[in-house]
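Participant: Residues per chain, in single letters:
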Amino acid sequence: MAIEDDVLVVGGGLAGATAALAAARGDVRVRLISHRQSTLRHASGLIDVLGYAPTGEGPLADPFSAIPDLPDGHPYERVGLEAVREALELFDAVAGDAYDGAHTDANALVPTHGGTVKPTARYPTATAPGLASADGDALLVGFETLPDFDAPLAAAHLEAAGVPFDARGVTVRFPGIGRDDAKITRYAHLLDRDEVVETAAGETGARAALAETVRPHLGDEPRVGFPAILGDERAADVRRDLADRLGVDVFEVPMGPPSLPGMRLEDLLYDAVADAGVRVTTGVPVVDYETDAAETGAAGPERIERVIVDRNGSAIPHRAEQYVLATGGLVGKGVQSDRERVHEPIFDCHVPHPADRYDWFVDDVFGDQPYARFGVPVDRALRPLDADDAPEFANLHAAGAVLGGYDFAAEKSGGGVSLATGYVAGRRAAEECQ
Amino acid sequence: MSDADRPTDDVSIDDDDQDDAFEPIQVFPEGGETDLRPGADDCYKCSTCDTNCPVAEVDDEFPGPKFQGPEQWRLKRQEDHDIDESVMKCSNCMRCDSACPSSVPLSQMHNTARGEYVEERMDKLSREYVRNRILANYRRLAPLAAAFPRTTNVVMGLSATQWLGEKVLGITSQREFPEFATETFREWWAKRGGNATSKKRAREARVASDATHPSDHASGTSSREQTERGGAKVENPDKRVAYFHGCYSNYNTPEVAKALVRVYEHFGYEILVPDQHCSGTPMFANGMLADARRSAETNVRELGAALEEGADIVASCSSCSMSLRQEYPELFDIAGIEDVAANTWDAVEYLRVHEDLERALEGTSVGDEFDDFAYHAPCHARNQGLDGQTVELLERIDGVEAHDVGDSCSGISGTYGWKAENYETSMKIGSEMFEHMNDADAAQGLTECPTCSMQMEHGTGYEITHTLEVLAAALVGPDAEARAQ
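Quick note, the sequences are listed as chains A and B, same order. With the first sequence counted from 1, adding 2 to any position gets you the numbering used here. With the second sequence counted from 1, adding 11 to any position gets you the numbering used here.
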């Protein structure tokens with residue numbers, strides 16, 4: 003016996019969750035297996051579609067008009083513009099009022115914790131009042147115990163980047179946090195639960211105490227930006243409460259890693275996945291597969307019969323009609339490298355790369371790095387291709403950062419590619435279930 | 012293998028490039044041992060573990076798993092640093108393990124550090140040490156309590172006892188001690204005829220099953236051969252499992268253990284109940300590694316013998332299976348320990364893989380005995396990839412549903428929440444689960460972990476059931492034992 007489903011998605015990040023959601027729209031039983039927690043926890047929570055062209059041109063005002071010009075083999079070229087739009091619609095439906103940006107094709111410019119502005123297509127509502135395109139001077143507030151966000155420096159960088167408003171930064175002590183390296187979840191929990199903290203004025207709720215700490219620093223600015231630690235489960239309440247108390251707009255500047263906006267996005271996706279009836283298995287890796295090689299003959303690509311999940315040493319077979327590989331890139335370890343080769347560890351799908359590892363990179367750290375494009379090549383149905391451009395397996399689709407042919411860090415296209423390819427892979431997997 | 016372990020690289024270089032050639036620097040002494048614990052080097056400080064730590068989220072004093080693991084390890088290498096006492100605030104939920112993208116063995120490092128702290132820095136006459144030792148060795152006191160269960164229950168329930176427990180030992184008086192069953196599982200098992208009766212019943216069930224589903228015969232008798240096992244084994248054509256019931260289902264909730272017996276015999280399995288000691292989970296969590304090792308030696312010996320008889324090992328408590336599967340081979344080097352780890356299963360997952368449990372449950376019902384449940388997946392089930400299992404299986408049963416109450420930790424973490432100094436932290440961690448349970452469309456709770464179940468009951472007043480009890484009700488019915496007589 004094996005644990006049986008129709009579609010099995012391997013990988014639990016943005017691509018995997020989207021594939022599971024798209025597949026679950028068909029009349030099929032879907033399971034998502036995720037080993038380690040997804041790199042969403044490292045992610046900013048922003049959904050970029052395309053911020054810069056592969057040539058470096060940008061920031062692009064309209065990512066959609068640039069997509070048709072992408073080179074052959076780019077994931078967007080594989081799935082086509084229409085799929086990108088449909089995938090974003092799926093995301094917008096899942097995100098509801100937690101995200102903004104659906105009202106326009108144009109990229110938004112979001113200030114980051116380093117004080118740069120990042121072109122992105124969808125952003126958490128908590129980020130919205132901070133957009134660089136919005137009017138109004140901004141006060142950025144940092145905390146002594148949170149060195150990852152240096153508010154005065156970020157403000158100076160924003161001004162240097164040419165934002166059309168004045169930005170000013172102050173650093174204050176976060177009320178109720180004693181230790182120098184408190185976890186970001188500790189800040190969020192304090193505010194979520196509005197825990198009682200000790201202040202000079204006596205005991206008070208954490209939200210009131212924070213507002214009172216910031217108030218003396220507030221000039222005429224109509225908006226105040228905080229690092230993204232303003233609550234987790236009740237983030238919207240925390241932000242509204244602070245805005246009411248301070249009488250200004252309050253926004254979050256994306257942080258990371260680790261990143262609360264990434265964790266909130268993870269929660270949003272997994273709630274949707276659960277609502278869609280997808281079965282979820284986490285904490286265990288898929289380590290191997292078996293094919294029906296004996297039955298296939300020479301006629302076509304093999305079918306994956308079942309995959310093996312390793313549960314602390316026991317081999318747990320999982321069987322499905324169709325499989326989606328969404329295990330991530332080098333960071334998520336869906337693509338791995340050693341001194342000899344670059345490979346995809348579960349199905350050993352072909353990953354094109356130069357034989358000499360000194361050709362994997364260029365000396366200019368910020369140059370056009372070949373390794374950034376390493377990944378699995380796919381056909382237009384997102385089936386991984388072998389060295390002869392033939393599908394590796396008849397019933398395997400790939401999505402997200404495991405794909406090759408694009409540099410998501412340079413292009414600012416990671417979220418959009420995960421959504422679009424996850425959507426297409428999941429939909430096709432469901433359609434091909436017989 | 013990390014790069015540090017590799018001597019030099021061996022790229023050939025063209026002669027005319029000699030000037031630009033890469034010359035590796037010898038970082039570590041020739042042939043010398045590197046002093047970084049394996050895995051510590053894999054930590055790239057992403058801090059994802061810290062965002063998963065339920066203690067760090069509510070306790071400003073706790074430095075978090077990244078510090079307790081790789082950072083503390085490095086500090087300690089400096090020799091003028093002792094293990095930091097904050098390691099005792101770790102609740103051993105092991106969530107950091109599945110959080111780490113680099114597979115750093117965090118909980119193993121924490122267990123080792125805690126053991127060293129207790130061994131070297133704790134005063135063995137201190138109230139805290141004595142209290143921890145008592146809590147960790149619950150299994151040693153339980154037989155006495157179980158011998159006079161009614162007396163024990165009354166005495167432990169007295170407010171004077173609780174007051175004394177808090178004042179003298181630092182065991183919180185906020186909690187009610189778990190009741191001891193009037194008949195332990197092992198007493199019931201012996202009275203019922205032990206392993207021999209189980210063998211007979213399993214055979215009867217197989218004969219009955221073959222008569223009704225002759226086509227199932229092949230899968231029914233050969234499922235063990237379908238599962239590959241490491242090394243040469245005595246293969247037995249019969250279906251046989253060794254049950255690691257753990258202490259709690261023996262002394263406190265024998266109904267869970269009995270449910271397992273009924274479900275397994277229903278599928279034609281012969282059950283062995285080997286001699287066993289505590290799994291060691293509470294000992295790891297209290298840094299009592301020597302105690303844990305003694306228990307592990309007993310368990311590995313007895314369970315290893317059962318393996319030789321062709322049985323696989325199943326456990327009904329998620330912390331027990333976690334301990335046997337992961338913590339044993341990480342912490343101890345005992346002959347046969349790897350074999351025991353590799354052949355231990357969660358009791359429900361074993362049936363999912365070896366039988367068609369879902370089809371067997373299809374269309375069954377549990378009558379009025381159970382209604383919908385608020386289900387909490389214990390951390391130690393979550394870490395084993397078992398978090399969705401109960402919800403999936405209960406979907407097959409008519410008229411009953413399990414509503415997952417989310418991924419928060421219950422907060423009690425075995426003995427952790429029993430300590431007076433941790434009680435408040437424990438309840439703060441649990442508050443999210445309590446709220447979700449109260450919001451769920453159910454007034455009964457469901458989980459696979461005995462101490463999570465105490466916390467669920469304590470925080471909500473709900474009655475808590477084990478998944479196996481629901482499966483037994485669906486597959487065999489509540490009065491199976493009576494019918495079988």
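Don't take every hint at face value.
Pair by pair, the computed Cβ-Cβ distance ranges are [stated by the list, open to error]:
#1 A:Asp340 <-> B:Glu187: 49 to 57 Å
#2 B:Leu152 <-> A:Arg217: 54 to 62 Å
#3 B:Lys135 <-> A:Val367: 26 to 34 Å
#4 A:Glu342 <-> B:Asp53: 15 to 23 Å
#5 A:Ala95 <-> B:Arg214: 50 to 58 Å
#6 A:Asp139 <-> B:Ala431: 50 to 58 Å
#7 B:Asp382 <-> A:Ala238: 54 to 62 Å
Listed below are the simulated EDC-like cross-link pairs for lysine to aspartate or glutamate, each with C-alpha atoms no more than 16 Å apart in a straight line [to be verified]:
#8 A:Lys335 <-> B:Asp382
#9 B:Lys439 <-> A:Asp29
#10 B:Lys56 <-> B:Glu96
I should point out that these hints are in silico values taken from the structure, not numbers from a laboratory. Values in this document were obtained by computation on a predicted structure and should not be read as measured data. We treat Cβ as the ideally placed atom computed from N, Cα and C, and that holds for glycine.
Participant: Against the structure shown, which of the earlier numbered hints fail to hold, in ascending order?
Facilitator: Hint check: 3, 7, 8, 9, 10 fail, others pass.
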